[in-house]
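Protein chains: 2
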Amino acid sequence: MECPCKPKLQAGAALEKENRQHQEQVGNPQTADSLPPVRAPNSYHRRLLPKDCIAFSSPEGRKLFTEAINSNSNYMQIYFPLAEQFITQSEPAYCGLSTLTMCLNALQIDPGRLWKGPWRWFSEELFDCCTSLNVAKERGISMTEFVCLANCNGVLTEAYRATNDFTLEQFRDIVKHSCATNSEIVVLNYSRMVLGQTGDGHFSPIGGYHAVRDMVLLLDVARFKYPPHWVKLSRVFEAMRYVVPAMNKPRGLVILREAPHLANATAEHTHSDNKENAAPIAPQPCCYSLSSVEAARRVADSPAKGA
Amino acid sequence: MECPCKPKLQAGAALEKENRQHQEQVGNPQTADSLPPVRAPNSYHRRLLPKDCIAFSSPEGRKLFTEAINSNSNYMQIYFPLAEQFITQSEPAYCGLSTLTMCLNALQIDPGRLWKGPWRWFSEELFDCCTSLNVAKERGISMTEFVCLANCNGVLTEAYRATNDFTLEQFRDIVKHSCATNSEIVVLNYSRMVLGQTGDGHFSPIGGYHAVRDMVLLLDVARFKYPPHWVKLSRVFEAMRYVVPAMNKPRGLVILREAPHLANATAEHTHSDNKENAAPIAPQPCCYSLSSVEAARRVADSPAKGA
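Chains as they are written, first to last, in my numbering: chain R, 123 to 429; chain W, 123 to 429.
With the rest of the complex left out, here is chain R (with noise of 0.2 Å):
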């Protein structure tokens, strides 16, 4: 099973691995300035983003933002919701549900449970299904477990893996119309090595398309370690494609709506994008029971703290 956000090495050559790949990207023209130097071979205050992804906050970053935001393709629409739930994943491997959350609350989803106090809001911990928050801890989420998640949780998903049938034009087609509207986001499952970065499985939400220079612009939960930055769409696409050994298919990108109904809001495309061949999966039993909101609700009667 894919399990992205999870160490490949044990410790001691994942940090020589990281140690490696920092020291071929320390000429990175967008960020070499800004950011200060590693203070201790064993830990890390961020990462210097590889030539080809553009830092959000860089100057060239400013203009393409500036840019898109201008155009008249208006592909920076769902820019705005997501920029207001912008997170940081809360544990290294919690890339997938970090994402989901961000995204969640983004499309406005009410949760439908108490998180803290009396607020109904999705944080991480609130994921207890599907698969167990400590496995996730340890491992993160596979493409299949974020689907899951996501329609237990109240949104509409339409999943594709980048088969070999699966087209450029096609991934650019479904950016397009996601980033041009305030209730739909397309998260992509992809691998960091492609794109010249540390690390391997990752989930990021596309957060706007510059159309003249083809580029999207991936709102990385893992802030830590890399800002958000733009990149050649081609370049997530190939990202997106690549198998590792351990897989038997492709990594890919997950499509996010409101849904007002729970039943059959899966739908995978793993050969075709055509929606006819879908093959609904069930939400899970674990998830989402009314029983379960009302007990919440039931703990909102306890003291309440401020905001």
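Source of the hints: derived by calculation from the structure; they are not laboratory data.
In this text, all values refer to a predicted model and were calculated from it rather than measured experimentally.
Among the clues, some could well be false.
As the list makes no split between identical chains, a pair holds if one copy fits it or if it spans any two.
[Unchecked claim] Derived DSBU-like pairs: lysine-lysine, alpha-carbon spacing no greater than 30 Å straight-line:
1) K173 x K185
2) K185 x K298
3) K354 x K298
4) K259 x K371
5) K173 x K371
6) K371 x K298
7) K238 x K173
8) K354 x K185
9) K259 x K238
10) K298 x K173
11) K371 x K185
12) K371 x K354
13) K354 x K173
14) K185 x K238
Got chain R; can you put chain W on it based on the hints?
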């Protein structure tokens, strides 16, 4: 002592007051269509903003943002590093700690100690000095504690109380100066009540300034309650000046800047904006010691998670 984020009433009365204020705000045209209805009388999924606060993602909010980004006055520079690190406060009373976390990461301060795995990164739980986390979770932190924590963690601070001799013009100049930089952040400590919002004492960083409309963008970390919003500079000025009966001084603002050295990092201007009147406050002995940094780095030898 002033205690931002602290609930002023017991749970039942607080909830009743929240409901009353909520009913008064339901007519807000910026957000009424986009927020789901409250699903239980004793718990909440967000709040409607009062009329004078314009939600970032609303049509008018997007218009203000685009105008400000395109303005030659350049007062949206600080938006980029802050947007990269926008967070939700992890506890209902953590508005001060979470705002500081966001600002330290936006200023690219290296905490010099581990967060999780091999990563050095600011998160609320790292603020283990100036006040205890248990106390902060119960009653929030004061502006004085905010300044102490900022100094202990490597930034210079300049604090202003909004006394009668602190003028709107001085405030506007401070905001303009900060918003035109990438390296200086203004954090407001203010009363939500004056803005027509539920709750009272609160901290928010200013994420940009619209000169023509004379409005600031508040990147409010209580995102489970209110989205980021634009509000008139004169309104937040009044919200800083408001003195609650239990306090004998107004709230105010803190300017944060990266500090090369920690000693004598603070100046609090309680009666004048004249910097020569500064009364330096020494960092607390509990904070940011080299030994704790070294200890944290030793922990980094333990197995690391990927991201």
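Hints, one by one, checked against the model:
no.	hint	verdict
1	K173 x K185	within (16 Å within a copy, 33 Å between copies)
2	K185 x K298	both (20 Å within a copy, 21 Å between copies)
3	K354 x K298	within (14 Å within a copy, 35 Å between copies)
4	K259 x K371	within (23 Å within a copy, 46 Å between copies)
5	K173 x K371	within (28 Å within a copy, 51 Å between copies)
6	K371 x K298	within (25 Å within a copy, 53 Å between copies)
7	K238 x K173	between (41 Å within a copy, 27 Å between copies)
8	K354 x K185	both (15 Å within a copy, 28 Å between copies)
9	K259 x K238	both (21 Å within a copy, 12 Å between copies)
10	K298 x K173	within (25 Å within a copy, 33 Å between copies)
11	K371 x K185	neither (37 Å within a copy, 44 Å between copies)
12	K371 x K354	within (23 Å within a copy, 53 Å between copies)
13	K354 x K173	within (12 Å within a copy, 41 Å between copies)
14	K185 x K238	neither (39 Å within a copy, 34 Å between copies)
Consistency with the previously given hints fails for numbers 11, 14, ordered from lowest to highest.
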